[in-house]
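Protein chains in written order, with the numbering used here: chain L, 1 to 220; chain S, 1 to 240.
Hints were generated in silico from the structure; no laboratory data involved. Mixed in with the good hints, there may be bad ones.
Straight line, CA to CA, 30 Å or less: simulated DSS-like cross-link-like pairs of lysine-lysine [claimed, not checked]:
#1 S:Lys94 to S:Lys105
#2 L:Lys133 to S:Lys105
#3 S:Lys143 to S:Lys217
#4 L:Lys95 to L:Lys179
#5 L:Lys133 to S:Lys94
#6 L:Lys133 to L:Lys202
#7 L:Lys4 to L:Lys202
#8 L:Lys65 to S:Lys105
#9 L:Lys4 to L:Lys65
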Amino acid sequence: MIYKILLTIWMNLIIAAVFLYVEPAAGFPGEVSRILFFHVPTAWVATLAFLLSMIASSVYLITRKVNADFLAQSSAELGFLFCFLATVTGSIFAKATWGSFWNWDPRQTSIVMLLMIYGAYFVLRSAVPDHEKRRMFAGVYSILAFCTVPFLVFVVPRITTSLHPEDTLNPANPGMDIKTLIFFLGSLCAYTGLFVWMLRLKVRMLRIMDREQRAFRSNF
Amino acid sequence: MHPTKSGRWITQTVSSTYLSEAVAIWLRDLRSEFRTRYAVNSILMFALTTLVAVSFSIGSFRIEESERPFLYAVLLWIILVFSALSGLSRSFVKEQEAGTMDILKLSARPQAVFLGKLFFNLTMLAVLELIIVPAFILLMGYKIIFPGCFVAMMVTGGLGLGAGTTLVAAMIAQANARGALFSALSFPLLLPLIITAIKGSERAAYGISAAGWPEVKIAAAYAVIMITVSLLLFPLIWEE
Numbered sequence: 001m002i003y004k005i006l007l008t009i010w011m012n013l014i015i016a017a018v019f020l021y022v023e024p025a026a027g028f029p030g031e032v033s034r035i036l037f038f039h040v041p042t043a044w045v046a047t048l049a050f051l052l053s054m055i056a057s058s059v060y061l062i063t064r065k066v067n068a069d070f071l072a073q074s075s076a077e078l079g080f081l082f083c084f085l086a087t088v089t090g091s092i093f094a095k096a097t098w099g100s101f102w103n104w105d106p107r108q109t110s111i112v113m114l115l116m117i118y119g120a121y122f123v124l125r126s127a128v129p130d131h132e133k134r135r136m137f138a139g140v141y142s143i144l145a146f147c148t149v150p151f152l153v154f155v156v157p158r159i160t161t162s163l164h165p166e167d168t169l170n171p172a173n174p175g176m177d178i179k180t181l182i183f184f185l186g187s188l189c190a191y192t193g194l195f196v197w198m199l200r201l202k203v204r205m206l207r208i209m210d211r212e213q214r215a216f217r218s219n220f
Numbered sequence: 001m002h003p004t005k006s007g008r009w010i011t012q013t014v015s016s017t018y019l020s021e022a023v024a025i026w027l028r029d030l031r032s033e034f035r036t037r038y039a040v041n042s043i044l045m046f047a048l049t050t051l052v053a054v055s056f057s058i059g060s061f062r063i064e065e066s067e068r069p070f071l072y073a074v075l076l077w078i079i080l081v082f083s084a085l086s087g088l089s090r091s092f093v094k095e096q097e098a099g100t101m102d103i104l105k106l107s108a109r110p111q112a113v114f115l116g117k118l119f120f121n122l123t124m125l126a127v128l129e130l131i132i133v134p135a136f137i138l139l140m141g142y143k144i145i146f147p148g149c150f151v152a153m154m155v156t157g158g159l160g161l162g163a164g165t166t167l168v169a170a171m172i173a174q175a176n177a178r179g180a181l182f183s184a185l186s187f188p189l190l191l192p193l194i195i196t197a198i199k200g201s202e203r204a205a206y207g208i209s210a211a212g213w214p215e216v217k218i219a220a221a222y223a224v225i226m227i228t229v230s231l232l233l234f235p236l237i238w239e240e
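Take these sequences, add in the hints, and give me the full structure.
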């Protein structure tokens, strides 16, 4: 409960500050650079969630503990949500700076691939009736899919060059001024906190659903 | 069993290797396929239908000369990938439908089963490519400047197709709604390979020096990685 309240205050502070306190970055028309505080954290959380889902799947395949699969499933679902948000915010930024919502930039290509892989992951989950098998297949598929990701990293840039801003808005680059950097990191923390909170809710929900189903079945 | 000089009995077991088991499964699948011709017919008919549709609507002169290498590569790989996706799941689905899955589980080791099914799928793909690619080249007037590079791209691309789909076929055989599921699950895994294969075939048909070899290597690496990972993961979905 206290976690939720603190998170709410923190996120509101960050949102207010990035619009009222931080100046927009030079080299971008108007206010568009403010998307940095929302787009990059969602993409970061999506990456984190998919990685966590992959690790949890591997743990499930090794130990066969149901909790690991709950974590893998919740993490994949939240990763999908954040990945979708990153696609939408990125698309808005693309319209504002490159002139079109969609132009198959390598970044856009790889994010669509991710959405497709995890879309297929959920389809697979819904298509296997047996619980044990479903968990096993989902784990196997997520590892298999993860192995194709390096190819995207190397193959897609060979086809076209990217317009995605790297240098001007990269936090590791000294080009970002200190005020922007602080609030960027603040926003990153806020989004990660939001992810952790949602993840715990989701895992708890799955656990309760599983227990209820088991109780329901034992009645017969 | 026979006694040694020291008088002790040693057991001589006829140990079959992974490879011999895999080859046995491969030959058995080929024989049963030869009798019914279900998979090969559905794959080939699908491929021929799309090829005829493409050739009829585009013909060999509709596209401008400069655009041909790229657009023909795209069309060729769309035909190949989707016909492969229409039939490759048969290798495992037919075991499920005939109820022979459990006997197969008892009679061979999981990795050998995987290899046997992979060989079978690769045979299907070889038949598909041997018929469709020459037909496509003839019907569309596809000029290939570097045949060696083009053939290598077809071989490694086919290997990758088989490697990326065999494990998925084993999974969907045990799930509901098999037909649609196979394409939905395989396509995201195959996309890097398809992009590579299209690029490689396009470059093999270009007039510049044979620049398609990096793509051939990428496709070969994809096939090797997918086969290795599948071999490691296959026992998990095969045994219960």
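Notebook entry, point to check: Holds or violated: L:Lys95 with L:Lys179, Cα cutoff 30 Å?
Noted result: holds (27 Å)
Next item on the list: For the pair supplied as a hint, L:Lys4 and L:Lys202, confirm whether the alpha-carbon distance does not exceed 30 Å.
Entry: holds (15 Å)
Check: S:Lys143 and S:Lys217: Cα distance at most 30 Å?
Finding: Since the Cα atoms of S:Lys143 and S:Lys217 sit roughly 23 Å apart, the hinted pair holds (cutoff 30 Å).
Checklist line | Pairwise hint evaluation, L:Lys65 against L:Lys4, where the allowed Cα distance is 30 Å at most | finding: With Cα atoms ~29 Å apart, L:Lys4 and L:Lys65 stay inside 30 Å; holds.
Note to self: Between the alpha carbons of L:Lys65 and S:Lys105, is the straight-line distance 30 Å or under?
What the structure shows: holds (25 Å)
Margin query: Need the status of pair S:Lys94, S:Lys105: alpha-carbon distance at most 30 Å?
Written below: Holds: S:Lys94 and S:Lys105 sit about 14 Å apart, inside 30 Å.
Check: Given the hinted pair L:Lys133 and S:Lys105, is their alpha-carbon gap at most 30 Å?
Finding: holds (16 Å)
Notebook entry, point to check: Is L:Lys133 within 30 Å of S:Lys94, Cα to Cα?
Noted result: Status holds; Cα separation ~19 Å.
Next item on the list: Please work out if L:Lys133 and L:Lys202 have their alpha carbons no farther apart than 30 Å.
Entry: holds (21 Å)
Comparing the model with each earlier hint shows no violations; every hint is respected.
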